[in-house]
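When we follow the numbering used here, the leftmost residue of the sequence shown carries the number 1, and every step to the right adds one.
Simulated from the structure, these hints should not be mistaken for laboratory data.
Just so we're clear, the structure is a prediction, and the values are computed from it rather than from any experiment.
Positions of the beta carbon are idealized from the N, C-alpha and C atoms, including for glycine.
Take these hints with a grain of salt, some might be off.
[What the hints assert, rightly or not] Ranges between beta-carbon positions, derived for each pair:
| hint | residue 1 | residue 2 | range |
| --- | --- | --- | --- |
| 1 | E7 | V45 | 53 to 63 angstroms |
| 2 | K2 | L22 | 24 to 34 angstroms |
| 3 | A42 | V21 | 28 to 38 angstroms |
| 4 | E7 | I38 | 39 to 49 angstroms |
| 5 | A37 | I17 | 28 to 38 angstroms |
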Amino acid sequence: MKTSAEEGQNQLHVQRILIEVLAQQVATRRYLLGLTAIAVRAMEVSHVTSSSESICSAYSC
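Could you build the full structure based on these sequences and the hints that come with them?
Printed below as a string of structure tokens:
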């Protein structure tokens, strides 16, 4: 049978693992949010570029 000290150690170990998993999830979410922001910015730039090209073709810039 395990002593209460051993069970306490095991619980601490499990809690550390859970904290590490949560930290990884937070890091992954931040990374994905960063990628999303980059993609949105790229679409905005692409949209502005295509809009200015269509304006220029309409007005013969």
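* Earlier hints that do not hold, by number -> none
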